[in-house]
Each structure stands twice: as C-alpha cells, then as structure tokens.
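A.B. asks: The opening residue of the sequence shown carries number -13 in my numbering; numbering runs sequentially from there.
Take the hints with a grain of salt, since some may be wrong.
What the hints assert, rightly or not - List time: in silico DMTMM-like cross-link candidates among lysine to aspartate or glutamate, alpha-carbon distance up to 25 Å:
id : residue 1 : residue 2
1  : Lys195    : Glu242
2  : Lys171    : Asp118
3  : Lys195    : Glu167
4  : Lys27     : Glu45
5  : Lys195    : Glu158
6  : Lys147    : Glu168
7  : Lys171    : Glu158
8  : Lys147    : Glu242
9  : Lys147    : Asp181
10 : Lys147    : Asp215
11 : Lys171    : Glu191
12 : Lys195    : Asp211
13 : Lys195    : Asp181
14 : Lys27     : Asp46
15 : Lys147    : Asp114
16 : Lys171    : Asp215
17 : Lys147    : Glu274
18 : Lys147    : Asp105
19 : Lys171    : Asp270
20 : Lys27     : Asp114
21 : Lys147    : Glu191
22 : Lys147    : Glu162
23 : Lys147    : Asp46
24 : Lys147    : Asp10
25 : Lys195    : Asp205
26 : Lys195    : Glu162
27 : Lys171    : Asp114
28 : Lys27     : Asp10
29 : Lys195    : Glu168
30 : Lys147    : Asp109
31 : Lys147    : Glu45
32 : Lys147    : Asp270
33 : Lys147    : Asp283
34 : Lys147    : Glu167
Don't read these hints as lab results, they were simulated from the structure.
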Amino acid sequence: MDFSDLTLFVRIARLASISAAARDLGITPAAASARLASFEKELGSRLVHRTTRVTTLTEDGAAFLPHAEHLLESAELARVALGRGNATPNGVLRIAAPSSFARMHIVPGLPEFTSRYPDLRLDMRISDSVVDLVEGGFDVAVRYADLGDSSFVARRIAPDKRVLVASPGYLERHGEPQSPEELAKHACLVVGTLDLWTFQGPGGEVTAKRIAPTLRINDGGAVRDAARDGLGIALMATWCAADEIRAGSLLPILREFPLVSTQTLWAIYPSSRELAPKVRVFIDWLVERIGPEPYWDRGLLR
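Put together the whole structure using the sequences plus the hints.
C.D. replies: The structure is reproduced here in structure tokens:
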C-alpha cells in the first residue's frame, strides 16, 4: 500500500474535495483523481462519492478513514524513532470526552491549546456513551470511571469528587436532611444510572442508599440546573456544580456524611499504540490546565 495514496485519500476526506486536496499536495486535480481511482481499484472498494460540487465518503470510505490516519501516524512515529521526520505535533487529533465535562472544562481551553499547536486539527466526539476507541479510530478519550480495562494505558487527570446539593429555596420549603436516612422524605434528582449513593458516617461507617428519584436525566448539567431551580436534592460532581456552589445558588448538604466515590477522571489511549506526540501534548496540556488540585475544587468546601 502506497503511503502517498493514503495521504491523498485522507486529504480528500478532510477537505471534501479532490481539487482542494490536489492543490494541498501540489498535484493536478486530474492526477489526484486518477491516483484515487487506482487506489480504489487496488483496495477493491469505492471510497468516495464524486460530484461536481462536493466529494463525500462512502460507507467503506468512512470505515477506512481512521485506519488510514493511524497508518500515516505510525509511519511518522517510525521516522521519528529513527531520528528523521518531524516530532512536532501535527495532523488530526481525535478525542472522545463526556458531554458536560467537555463543554465546561475542555472546550473553553481550546483557544490556548490550538495556539500552542497550530499544526494540529481537532476532531472531538462529546457523548456520555462509552465509545470504542479502537473501532472508532479515536486517539485519546477522557473518562470518569473506575478504570479496570488493561487494554488501555491511562493517566490520572483528577479525582471525581462528589457532593450532595440543593437550592436555598428547596431547603427553605422542605427543610435540610440531617442523615442519609432522611433522604427518603425528599425529592431526589439522579444523573443517569447513579442512583446508589454511598456515604461515610462520622465514625467511618459506610452506608449505601438506593435512591428512588423524582427526576432522572442522563446529563449532569441538566440535573445541576434542575437542582438549582429547586426541584430537589442532587448528587453532583464538583467539577459540574462548583460555580453554583460558589455563587450560593446550590448549597452543600450532609457535610458530616461525605460521599464515597471510587471514580477518577482519566485520559486513556489504546495500549496497542505508541504514544504519538499529538496525544502526549494533549494529555500534558489537560493535566497542566486542571492542576494538581483541580481548579474547580480550590477553596470550595473548606
């Protein structure tokens, strides 16, 4: 397989134009079209739909694209290992991240990240569903989980600290619970499937309570907003509710019974892949941005 053909295909996919890819590579559109046709014949599959206005990927082309990108990246890493090539991060970095966390803590920092690494292009999938990194062709994922899969290499980003919160209005109307047992008398809001709330008592004893929620939403930001608007008591990650806690629109409750959480924020990538420069700089930047003590937790619950 000719790496120049792979490069041409990836450029066509990213620019959605054979002519634009040809200009980018310094060849004529006719030559690019002929090379693409020859490459498709070699593979025995049509990779793109050609029209006069735009070039789009076929189903086979979309499935082949992440693997083509990975082959080109592996070739670059091999050149770097031999002391040749350019180790400066470049190309497309494909990132998977949880929706609320990405919106609140990754996307706001991207102007600074992209100014550091102008040769990188970012392709980010934000979703609370756990994606298959290898099948989806992702370079790196941010996850908050109890990580136990040895097929990934993981770097710890931050603890995923949890707290129970309610609005001042809700507490004024319904009173503040004084123990986990009293939660049964209150409206409770749940993020996704997180309806088992585990507490550590003043004497170190651990108590787990299965919550019957009055409202369940599969998005942390939406649950936070519902709690802020007085709908009930919610278990929230501090990275999601820190601004509201500081502003006083959400108040921490049951402070004598801190929540027990084994979850951690991780940056992970497949162990089958060597750590590419573009992945390394992204993970380093994220660790630097969040800090040894996450910036959202500094002075929050003291």
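A.B. asks: Hints first: check each against the structure and report whether it holds.
C.D. replies: Evaluated hints:
no.	hint	verdict
1	Lys195 / Glu242	holds (16 Å)
2	Lys171 / Asp118	violated (40 Å)
3	Lys195 / Glu167	holds (8 Å)
4	Lys27 / Glu45	holds (16 Å)
5	Lys195 / Glu158	holds (24 Å)
6	Lys147 / Glu168	holds (22 Å)
7	Lys171 / Glu158	holds (15 Å)
8	Lys147 / Glu242	holds (15 Å)
9	Lys147 / Asp181	holds (16 Å)
10	Lys147 / Asp215	holds (22 Å)
11	Lys171 / Glu191	holds (22 Å)
12	Lys195 / Asp211	holds (23 Å)
13	Lys195 / Asp181	holds (8 Å)
14	Lys27 / Asp46	holds (13 Å)
15	Lys147 / Asp114	holds (18 Å)
16	Lys171 / Asp215	holds (19 Å)
17	Lys147 / Glu274	holds (19 Å)
18	Lys147 / Asp105	violated (35 Å)
19	Lys171 / Asp270	violated (46 Å)
20	Lys27 / Asp114	violated (39 Å)
21	Lys147 / Glu191	holds (19 Å)
22	Lys147 / Glu162	holds (21 Å)
23	Lys147 / Asp46	violated (43 Å)
24	Lys147 / Asp10	violated (47 Å)
25	Lys195 / Asp205	holds (21 Å)
26	Lys195 / Glu162	holds (17 Å)
27	Lys171 / Asp114	violated (30 Å)
28	Lys27 / Asp10	holds (23 Å)
29	Lys195 / Glu168	holds (11 Å)
30	Lys147 / Asp109	violated (28 Å)
31	Lys147 / Glu45	violated (42 Å)
32	Lys147 / Asp270	holds (21 Å)
33	Lys147 / Asp283	holds (9 Å)
34	Lys147 / Glu167	holds (22 Å)
Hints 2, 18, 19, 20, 23, 24, 27, 30 and 31, counting from the list given before, are not met by this structure.
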